[in-house]
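Let the sequences and hints guide you as you build the complete structure.
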Amino acid sequence: MKKIIIAIDGHSSTGKSTLAKQLAEHLDYIYIDSGAMYRAVTLYAIENGFISSDGFDKTRLIQSLSGLQIAFNKDSRKNVALFLNGQLVSSKIRTMEVSNMVSQVAALPEVRKCLVKEQRLMGLNRGLVMDGRDIGSVVFPDAELKIFMTASANTRALRRFDELSNRDESIDYKTVYENIIFRDKKDSSRKNSPLLKAIDARILDNSKLDQEAQFKLVLSWVDEFKKDTP
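So in the numbering used here, the last spot in the sequence shown is 1240, and the numbers never skip.
Don't read these hints as lab results, they were simulated from the structure.
Virtual Cβ for every residue (Gly too), placed ideally from N, Cα, C.
Hints are not guaranteed to be accurate.
As the list claims (entries may be wrong) - SDA-like cross-link-like pairs, simulated, lysine to any residue; straight-line CA separation at most 20 Å:
{"#": "1", "residue 1": "1196", "residue 2": "1210"}
{"#": "2", "residue 1": "1084", "residue 2": "1120"}
{"#": "3", "residue 1": "1068", "residue 2": "1084"}
{"#": "4", "residue 1": "1196", "residue 2": "1163"}
{"#": "5", "residue 1": "1084", "residue 2": "1104"}
{"#": "6", "residue 1": "1031", "residue 2": "1232"}
{"#": "7", "residue 1": "1226", "residue 2": "1034"}
{"#": "8", "residue 1": "1068", "residue 2": "1117"}
{"#": "9", "residue 1": "1207", "residue 2": "1037"}
{"#": "10", "residue 1": "1123", "residue 2": "1155"}
{"#": "11", "residue 1": "1031", "residue 2": "1093"}
{"#": "12", "residue 1": "1184", "residue 2": "1172"}
{"#": "13", "residue 1": "1226", "residue 2": "1035"}
{"#": "14", "residue 1": "1207", "residue 2": "1135"}
{"#": "15", "residue 1": "1195", "residue 2": "1106"}
{"#": "16", "residue 1": "1012", "residue 2": "1196"}
{"#": "17", "residue 1": "1012", "residue 2": "1229"}
{"#": "18", "residue 1": "1184", "residue 2": "1208"}
{"#": "19", "residue 1": "1031", "residue 2": "1225"}
{"#": "20", "residue 1": "1207", "residue 2": "1184"}
{"#": "21", "residue 1": "1127", "residue 2": "1184"}
{"#": "22", "residue 1": "1226", "residue 2": "1155"}
{"#": "23", "residue 1": "1123", "residue 2": "1163"}
{"#": "24", "residue 1": "1013", "residue 2": "1134"}
{"#": "25", "residue 1": "1196", "residue 2": "1104"}
{"#": "26", "residue 1": "1207", "residue 2": "1171"}
{"#": "27", "residue 1": "1201", "residue 2": "1119"}
{"#": "28", "residue 1": "1031", "residue 2": "1104"}
{"#": "29", "residue 1": "1084", "residue 2": "1123"}
{"#": "30", "residue 1": "1196", "residue 2": "1177"}
{"#": "31", "residue 1": "1031", "residue 2": "1230"}
Claimed, not checked - DEER-style ranges, computed between Cβ atoms:
{"#": "32", "residue 1": "1191", "residue 2": "1135", "range": "17 to 23 Å"}
{"#": "33", "residue 1": "1217", "residue 2": "1131", "range": "32 to 38 Å"}
{"#": "34", "residue 1": "1225", "residue 2": "1057", "range": "31 to 37 Å"}
Right under this line is the structure:
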């Protein structure tokens, strides 16, 4: 069977990355977390003072984009990890500080143009699973299988709260829930590549699905494609 591209889009904290990793491992495909790439740019902006209590210096960030190196490689435990200019940042990009600013960074046309170009290069040979906000509608509109993931805001906030608590971050549920609502509004209303379900995407509402049931369902969709493809 020829290799395909699987595009997974959807709201924040719906488990897109978890599902994408499972599929990539099962199919022996490459996994790319596009959202992590935007978080990496946001982290870079914070660490270099482009984002501070004084505001957001968009011009300086844009001028620095050509010097950024974002790569997915295996870490010491053989897990796929994100590296920013050679430094492992998989955990650092998941803080609330980054979460609160990533939508504003992702809304910059220059940032999106830069990262979309990199993402398309990664998919030239197919055999790729990529998750994000506009993979099926913008990055890979020709992807063979498109999935749009969603869940209730409360379900997503609880998942995110548990994730942060397990990392010993001092945070309360209300703050996490408000961040989820804020990001939904930002992602859906931004002018450049807003969160949008591709017309031919399959909707996956996992509010009441565990990871195993979700994985089996999506594999059945992949199997459907196998039957229709020589």
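Do the hints match the structure? See the list:
1. Distance restraint check for residue 1196 and residue 1210: the Cα-Cα separation of roughly 24 Å exceeds the 20 Å cut-off, and the hinted pair is therefore not satisfied.
2. With a CA separation close to 28 Å, the supplied pair residue 1084 and residue 1120 exceeds the 20 Å bound.
3. Proximity of residue 1068 to residue 1084 is assessed by CA-CA distance (about 32 Å); at most 20 Å being required, the pair is judged violated.
4. Distance hint between residue 1196 and residue 1163 is fulfilled; the C-alpha atoms sit about 14 Å from each other, no more than 20 Å.
5. The straight-line distance between the Cα atoms of residue 1084 and residue 1104 is roughly 18 Å, inside the 20 Å bound, and the hint therefore holds.
6. Of the pairs offered as hints, the one joining residue 1031 and residue 1232 holds, with about 15 Å between alpha carbons and a cut-off of 20 Å not exceeded.
7. A distance of roughly 14 Å separates the Cα atoms of residue 1226 and residue 1034; the hinted pair therefore holds under the 20 Å criterion.
8. With a C-alpha separation of about 11 Å, the suggested pair residue 1068 and residue 1117 falls inside the 20 Å cut-off, and the hint holds.
9. Taken as a hint, the residue 1207 and residue 1037 pair is broken in the structure, with Cα atoms around 24 Å apart against an allowance of 20 Å.
10. With a CA separation close to 23 Å, the supplied pair residue 1123 and residue 1155 exceeds the 20 Å bound.
11. About 17 Å separates the Cα atoms of residue 1031 and residue 1093, which keeps this hinted pair within 20 Å; it holds.
12. The hinted pair formed by residue 1184 and residue 1172 meets the criterion: a straight-line CA distance of about 13 Å does not exceed 20 Å.
13. Taking the CA atoms of residue 1226 and residue 1035, the gap is about 14 Å. The hint holds against a cut of 20 Å.
14. Taken as a hint, the residue 1207 and residue 1135 pair is broken in the structure, with Cα atoms around 24 Å apart against an allowance of 20 Å.
15. Note on residue 1195 and residue 1106: the hinted pairing holds, with a Cα-Cα distance of about 17 Å set against a maximum of 20 Å.
16. Using a Cα cut-off of 20 Å, the hinted pair residue 1012 and residue 1196 is violated, with the two alpha carbons roughly 37 Å apart.
17. Distance restraint check for residue 1012 and residue 1229: the Cα-Cα separation of roughly 16 Å lies within the 20 Å cut-off, and the hinted pair is therefore satisfied.
18. Restraint check for residue 1184 and residue 1208: the C-alpha separation of about 31 Å exceeds 20 Å, so the hint is violated.
19. Proposed proximity of residue 1031 and residue 1225 is supported: the alpha carbons are some 11 Å apart, at most 20 Å.
20. A C-alpha spacing of about 28 Å is found between residue 1207 and residue 1184, which places the hinted pair above 20 Å, so the restraint is violated.
21. About 37 Å separates the Cα atoms of residue 1127 and residue 1184, which puts this hinted pair outside 20 Å; it is violated.
22. Proximity of residue 1226 to residue 1155 is assessed by CA-CA distance (about 15 Å); at most 20 Å being required, the pair is judged to hold.
23. Our distance criterion of 20 Å between C-alpha atoms is broken by residue 1123 and residue 1163, whose separation comes to about 29 Å.
24. A threshold of 20 Å between alpha carbons decides the hint, and for residue 1013 with residue 1134 the separation of about 11 Å falls inside it, so the pair holds.
25. In summary, the hint linking residue 1196 to residue 1104 is supported, as the alpha carbons are separated by about 18 Å, within the 20 Å threshold.
26. Among the hinted pairs, residue 1207 with residue 1171 is inconsistent with the structure: their alpha-carbon atoms are about 26 Å apart, more than 20 Å.
27. Note on residue 1201 and residue 1119: the hinted pairing holds, with a Cα-Cα distance of about 9 Å set against a maximum of 20 Å.
28. Simply put, residue 1031 and residue 1104 have alpha-carbon atoms about 17 Å apart, close enough for the 20 Å limit, and the pair holds.
29. For the given pair, residue 1084 sits about 26 Å from residue 1123 by alpha-carbon distance, which is inconsistent with the 20 Å threshold.
30. Restraint check for residue 1196 and residue 1177: not satisfied, since their Cα atoms lie roughly 26 Å apart, outside the 20 Å limit.
31. Distance check on the hinted pair: residue 1031 and residue 1230 sit about 17 Å apart at the alpha-carbon level, within 20 Å; holds.
32. For residue 1191 paired with residue 1135, a C-beta distance near 39 Å fails the hint of 17 to 23 Å.
33. Range check, residue 1217 to residue 1131: about 35 Å between beta-carbon atoms, so the 32 to 38 Å window is met.
34. Look at residue 1225 against residue 1057: about 36 Å separates their beta carbons, and that is inside 31 to 37 Å.
Checked against the numbered hints above, the structure violates hints 1, 2, 3, 9, 10, 14, 16, 18, 20, 21, 23, 26, 29, 30, 32; every other hint is satisfied.
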